[in-house]
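Chains U and Z supply the protein sequences, listed in that same order.
Just so you know, we're using this note's numbering here: the first sequence kicks off at 1 and counts up by one.
Just so you know, we're using this note's numbering here: the second sequence kicks off at 1 and counts up by one.
Don't read these hints as lab results, they were simulated from the structure.
One should not assume that every hint holds.
[What the hints assert, rightly or not] Among the chain Z residues that face chain U by a calculated CB cut under 8 Å, a handful are:
| hint | residue |
| --- | --- |
| 1 | H118 |
| 2 | G122 |
| 3 | V123 |
| 4 | I128 |
| 5 | L131 |
| 6 | Y133 |
| 7 | S134 |
| 8 | G135 |
| 9 | Q140 |
[What the hints assert, rightly or not] Estimated spans, in silico, between C-beta atoms of each pair:
| hint | chain 1 | residue 1 | chain 2 | residue 2 | range |
| --- | --- | --- | --- | --- | --- |
| 10 | Z | G122 | U | G435 | 14 to 22 Å |
| 11 | Z | K219 | U | A123 | 57 to 65 Å |
| 12 | U | V375 | Z | K193 | 45 to 53 Å |
| 13 | Z | K219 | U | K403 | 44 to 52 Å |
| 14 | Z | E268 | U | G360 | 42 to 50 Å |
| 15 | U | G435 | Z | N241 | 23 to 31 Å |
| 16 | Z | N264 | U | V365 | 33 to 41 Å |
| 17 | Z | K219 | U | G154 | 56 to 64 Å |
| 18 | U | D83 | Z | G226 | 19 to 27 Å |
| 19 | U | G255 | Z | N132 | 33 to 41 Å |
Heads up, the beta-carbon is just placed ideally off N, CA and C, and yes, glycines get one too.
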Amino acid sequence: MLKTFKYGGVHPAENKLSAGKAIEQLPLPKKAAVLVSQHIGAPSKVVVAKGDTVKVGQVIAQSAGFVSTNIHAPVSGKVLKIDTVTDNSGYKKEAVVINVDGDEWLDEIDRSDTLETSINLDAKEITDKILQSGIVGLGGATFPTHVKLMPPSGMKANILLINGVECEPFLTSDHRLMLEKGEEILMGTQLLMKALKVKKAVIGIERNKPDAIKHLSKLATKHEGISVCPLKVKYPQGGEKQLIKAVTGREVPSGALPISVGAVVNNVGTAFAVYEAVMKNKPLFERIVTVTGKNIEKPSNFRVRIGTPVNELIEAAGGLPEDTARIISGGPMMGKAIPTTDVPVTKGTSGILIISEEAGHRKPVENCIRCGRCVQVCPMGLEPYLLMTLSENKKWGKAETEKVMDCIECGSCSYTCPANRPLLDYIRYGKTSVGQIIRSRK
Amino acid sequence: MSEPLLYTVIILSAIGIAAAIILYLVARKFHVYEDPRIDQVEEALPAANCGGCGYAGCRAFAEAIVKDNSLDDKYCPVGGNEVMEKVASIMGLEAEQKAPRTAVVRCNGTCEHRPQTHNYEGVQTCAIAALNYSGETDCQYGCLGFGDCCTVCDFDAIHMNPETGLPEVIDENCVACGACVEACPRDLIELRKVMPKYRKVYVACRNMDKGGPARKACKVACIGCGKCEEVCKFDAITISNNLAFIDSDKCKLCRKCAPVCPTNAIIEENFPPPKKKQAEEKESKPAEA
Numbered sequence: 001m002l003k004t005f006k007y008g009g010v011h012p013a014e015n016k017l018s019a020g021k022a023i024e025q026l027p028l029p030k031k032a033a034v035l036v037s038q039h040i041g042a043p044s045k046v047v048v049a050k051g052d053t054v055k056v057g058q059v060i061a062q063s064a065g066f067v068s069t070n071i072h073a074p075v076s077g078k079v080l081k082i083d084t085v086t087d088n089s090g091y092k093k094e095a096v097v098i099n100v101d102g103d104e105w106l107d108e109i110d111r112s113d114t115l116e117t118s119i120n121l122d123a124k125e126i127t128d129k130i131l132q133s134g135i136v137g138l139g140g141a142t143f144p145t146h147v148k149l150m151p152p153s154g155m156k157a158n159i160l161l162i163n164g165v166e167c168e169p170f171l172t173s174d175h176r177l178m179l180e181k182g183e184e185i186l187m188g189t190q191l192l193m194k195a196l197k198v199k200k201a202v203i204g205i206e207r208n209k210p211d212a213i214k215h216l217s218k219l220a221t222k223h224e225g226i227s228v229c230p231l232k233v234k235y236p237q238g239g240e241k242q243l244i245k246a247v248t249g250r251e252v253p254s255g256a257l258p259i260s261v262g263a264v265v266n267n268v269g270t271a272f273a274v275y276e277a278v279m280k281n282k283p284l285f286e287r288i289v290t291v292t293g294k295n296i297e298k299p300s301n302f303r304v305r306i307g308t309p310v311n312e313l314i315e316a317a318g319g320l321p322e323d324t325a326r327i328i329s330g331g332p333m334m335g336k337a338i339p340t341t342d343v344p345v346t347k348g349t350s351g352i353l354i355i356s357e358e359a360g361h362r363k364p365v366e367n368c369i370r371c372g373r374c375v376q377v378c379p380m381g382l383e384p385y386l387l388m389t390l391s392e393n394k395k396w397g398k399a400e401t402e403k404v405m406d407c408i409e410c411g412s413c414s415y416t417c418p419a420n421r422p423l424l425d426y427i428r429y430g431k432t433s434v435g436q437i438i439r440s441r442k
Numbered sequence: 001m002s003e004p005l006l007y008t009v010i011i012l013s014a015i016g017i018a019a020a021i022i023l024y025l026v027a028r029k030f031h032v033y034e035d036p037r038i039d040q041v042e043e044a045l046p047a048a049n050c051g052g053c054g055y056a057g058c059r060a061f062a063e064a065i066v067k068d069n070s071l072d073d074k075y076c077p078v079g080g081n082e083v084m085e086k087v088a089s090i091m092g093l094e095a096e097q098k099a100p101r102t103a104v105v106r107c108n109g110t111c112e113h114r115p116q117t118h119n120y121e122g123v124q125t126c127a128i129a130a131l132n133y134s135g136e137t138d139c140q141y142g143c144l145g146f147g148d149c150c151t152v153c154d155f156d157a158i159h160m161n162p163e164t165g166l167p168e169v170i171d172e173n174c175v176a177c178g179a180c181v182e183a184c185p186r187d188l189i190e191l192r193k194v195m196p197k198y199r200k201v202y203v204a205c206r207n208m209d210k211g212g213p214a215r216k217a218c219k220v221a222c223i224g225c226g227k228c229e230e231v232c233k234f235d236a237i238t239i240s241n242n243l244a245f246i247d248s249d250k251c252k253l254c255r256k257c258a259p260v261c262p263t264n265a266i267i268e269e270n271f272p273p274p275k276k277k278q279a280e281e282k283e284s285k286p287a288e289a
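Just chain Z, with the same shape it has in the complex (with noise of 0.2 Å):
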């Protein structure tokens, strides 16, 4: 073996020792505990940095849970009351239960039902629209359909529908994060509680003016005359500036409600068709032959 090649070996290794003893003492001496409890928490949650429990990112989340030693007010609405349970036990607390939620989108104002006035053809935005404008309809509550909603969702869950110039939500992919709740001007999206098969009964309007205006400015704007708190039976619905609200933790789906709207504001999601309206048709069809 060569002199040199001898010497090299020596020298790095006497270099590679020296450095390790000084990073253990640095090591040593800098060292910051960290609970390893965050570590476990921020396993136990889904990673999607969301943001949806109110905090940067699923480490802030489980540092914030882990400081705090408790879960009042944290929940994270991707992960569920699954994953909240394993965060508990992780943390040897108690795990609040909460139903699961999903987005709604609450105006119906195709183009059919809401005629365009005007012509905006400033930023494509919704947050800029609003700033400046009403909208190109007349009714200044209603969906401005830029997007907003659907560009800030991290789970595919929300899309435009180009015929009807609204947004849809997919209720399968939605985790009730609350980022388009955030992101839309007209505070038009509302988190509701989920039912069986994704049923849903809702008022799809948010005009507060008087029945006159809101009717002239879209035919199924919410006119607010109380037909539906009239027939409800689980005191489910409320009436406020001129406009009915549907409470998803009271309402039974019973479906009473929809019939009684006399412009068809209220929505129903996802209900198999009316069997007796089929029978009808059927029974019609013959005698109009």
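Just chain U, same shape as in the assembly (with noise of 0.2 Å):
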């Protein structure tokens, strides 16, 4: 029986319609919006002023404490203003708007397509570069990758998990990497491997992928150290936590982190991104992203700069269909409903999903009926009805006991819910109000 992790989880409709499409590179956008909070943790601090000239890669927005990263130009150009643009929520966020003129690289950029082979950097060294090159985790949470690398004092890694599961149906920019740039990432993986000081590396691939187990497998016999496993097809198993108990069978304690099992997870785009980044010295300020959708003309896999304008990657997959209802960043389990397509691409945009009027709006809401199957799917073994009717009366004592923080958001709760009751969202609200009284404590 193959591997997966042990409470619920559900099984939506993969519906993976760009699994066969390879990464298409998308035209230069005319202007690019980078936002300077990308990542999790502190925003960036910008360095340019308007009116300056930069190049592609090069830094404009600098790291401002431990758990932030650099943001590096995606396009050369002018600076034409420092704003406010739209983000994903509708917020008007601070970013650096370029006008793009051209297509100048940084000279120390390697863009060949050659595979570097030989490691010459030490651990200090490839973190200090991951750093530098401003590398977030890119399945989507946007977590410093150097933070990760550097364990606190007194735990020790002995396990890299690298992330190929893609359980989120619709998506498949992991997918397509997984075939297109196979020997990059295991590349990437052996410097994660050696930046964490670690021997073992397994890679997670669902078994919806068997193509891209194939290739990785037969390639990881030629790295030491290296292994794939296949999991079972079941959502959320490309949560950290779901996927360090599907590999290595280890818990990780309530409101610890992994490292605390001596594991270490990043994403399949996050090793290739490694790779390019130690390797091609080459920052992160391009992605591969999905556009996809039942009705879309041409789903596809693009690899885009950061700050091109959603619609352009609409238009580039056959334009916007007419009814549509809703446009999703993300895919459609834990993604976020857009509310203007101007909104930019950012480092943890790992999809663009359309939905059909059909599907695209909220069923009315019912009473509970006490079925359970919340309770059932909860990967993370928390009560969800019960959370949502503490979140729902503000009892946020009681919340905290019933271990709210420990959701993970995934929403298999209001997935699988046949009463359509919004539990993830009042979920959410108690984590944020739990979430703020915890760090008025200390």
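Once you've looked at the hints, go ahead and assemble the two chains, each given alone in its own frame, into the complex.
Written as structure tokens, this is what we have:
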């Protein structure tokens, strides 16, 4: 039997419409709006001024703290303004807007496709390079990667997990990357292993991607210590804690970090970005984005510069279908409906999903029928119906003891609820409020 | 009289007396002294249990007053000066006099002024809507319109107006407990000093964007031009973050600021209709005819 995590999980229709589409390079936008807060942690500090000329790969915003990272110019041209632009949630956030003029890269970036295989740097140098290159977790959570590579004192990693699960329906960007850039991902894994000083790495891939499992398994025989672990298809297997449980059988305690069980998890996209940063001097300024949807003309996978407006991606995939109800940034389970198509692509944009009028609306909310399905599917072993009621009545103390902070916001409960109750919305509200209370105690 | 009945009465009485003695001794042994003033203070308070004083109900407030033996930073907004004087006389302290206040909603973004640009279908409460999105209009500072302020009000003093989609305060009922101020995720509600006949002059906007984007999002947004600041003789108006603010403690209701506002963001409430204008209208009407 294939490995998987222990509690809960759901299996939504996979709908991997763009799985067979090779990655295409999206043409450069006319204007790129680069948000200064694209990662978890402190927003970066802008270091360019209006009117400056920037080259591709140049630092435009510097890391502002330990949990923060650098942001690089994704295009070359003149800085038009440093202003606020609408982000995924509709709030206006600070951004650097660059008027694109040609495509001039910094000289030190190696733009060739040749595979570099000799690692000459030591652990410290690799971590430093990753910090300088602005690498964050590309699975969607955008946690700065260098922080994961510097475990707190007294803790030591002994296994590196590479997340190629891609359990979100519709998304195929990681799948395509594994097929097309397998060697590079494995080299990136080698670099991460060296930075962490671990001898073992496992790439977890769900069984619905047999071609990727086959391809990477074959390549992995050439790399010592790296193996591929096929996993049962179950959402949210790509969750950090779920993947650790599935592959190693270790359970991360409540409130603790994965490093407490000696594991560090990185996405395949991150591994690829690490390879490019360390071996090719190429900082993180572009990523793979899946543009998909049942009504869209040609679902595709694009290599996109950060800061490109979403409407250019949709245009390239055949334009916005007429009966569109929602445009979602990310996958259908954890993604977020975006308010306008002008929002820029960020480091965390893994997909753009177009939802039709038929499927794009909430169903009327009914009373809880006490069926317990939300409890059954919760991958963290929580009781979503209870957490929702507690949040509704603002019983924050009880919500904390019921471990509302352990929720990973996967949305399995809301997905499965037969009464269409907005469980996750309330739990997220509870998490925010309880989080504030916990922080205020310190 | 039959014997069984007699025995029953004797035995029950004996048990009763024994229990009374035990209870008396236990009560003496475990007696807790409670300051009688706590009860007196609680009696004087309005028993609204709204939490407007910052304590969990009137009893907790009374306990805090007696425990600290002072009235510093302790004020019951519901009872006002009258109740605080009573409390002060019980405690033998001096009561601080405060001007009564009332809630004011600082947003005038009706459907007419602020067109809807997106459509939100999630949970219909302001707290959750604000957590996920910037609202259904282009203004990320304005009223979300789900009425969290009305839900928390214990005094029936704030209601949603279905026509405008904005909450409206009933000044007579408002006790300035501050529950709505806390409930509003947009920080739109302010407690302002009550003026005669509940007259008010205030900036009904919280948009901190620059003039252009603010005006684009809402017709009646404050653009921070500073014209009101210039005409104010009492230094009551300050501009910060592209937004004007009228300090109700300094404002003398001269109403010089409202006419100069280019976006009509300053609102005058409960004033009699301007006589001059009416007279002008009367004059002009026959002329037109």
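Verdict for K219 (chain Z), A123 (chain U) (Cβ pair) under range 57 to 65 Å: 59 Å, holds
V123 (chain Z) as chain U interface residue, shortest Cβ-Cβ below 8 Å: At about 5 Å, which falls below the 8 Å cut-off, the nearest Cβ of chain U leaves the hint on V123 (chain Z) intact, so it holds.
CB-CB spacing for N241 (chain Z) and G435 (chain U) relative to the 23 to 31 Å hint: Cβ of G435 (chain U) to Cβ of N241 (chain Z): about 26 Å, so the range 23 to 31 Å holds.
Outcome of range test on Cβ distance (G122 (chain Z), G435 (chain U); 14 to 22 Å): 20 Å, holds
Interface hint for G122 (chain Z), Cβ within 8 Å of any Cβ on chain U: Holds: closest Cβ of chain U sits about 6 Å from G122 (chain Z), inside 8 Å.
Satisfaction of the Q140 (chain Z) interface hint, Cβ to chain U closer than 8 Å: 5 Å, holds
Cβ distance range 45 to 53 Å for V375 (chain U) and K193 (chain Z), holds or violated: Once the Cβ atoms are compared, 52 Å apart, the range 45 to 53 Å for K193 (chain Z) and V375 (chain U) holds.
Distance restraint hint 42 to 50 Å, applied to the beta-carbon atoms of E268 (chain Z) and G360 (chain U): At 44 Å between Cβs, range holds.
Status of the hint placing H118 (chain Z) at chain U (closest C-beta pair under 8 Å): Interface hint status for H118 (chain Z): holds (5 Å vs cutoff 8 Å).
Given hint G135 (chain Z) near chain U, where the shortest CB pair must fall under 8 Å: With a minimum Cβ separation of about 7 Å from chain U (threshold 8 Å), the hint on G135 (chain Z) holds.
Verdict for K219 (chain Z), K403 (chain U) (Cβ pair) under range 44 to 52 Å: 47 Å, holds
Chain U contact restraint on I128 (chain Z) - CB to CB distance below 8 Å: At about 5 Å, which falls below the 8 Å cut-off, the nearest Cβ of chain U leaves the hint on I128 (chain Z) intact, so it holds.
When each numbered hint is compared with the structure, a violation occurs for hint 19 only.
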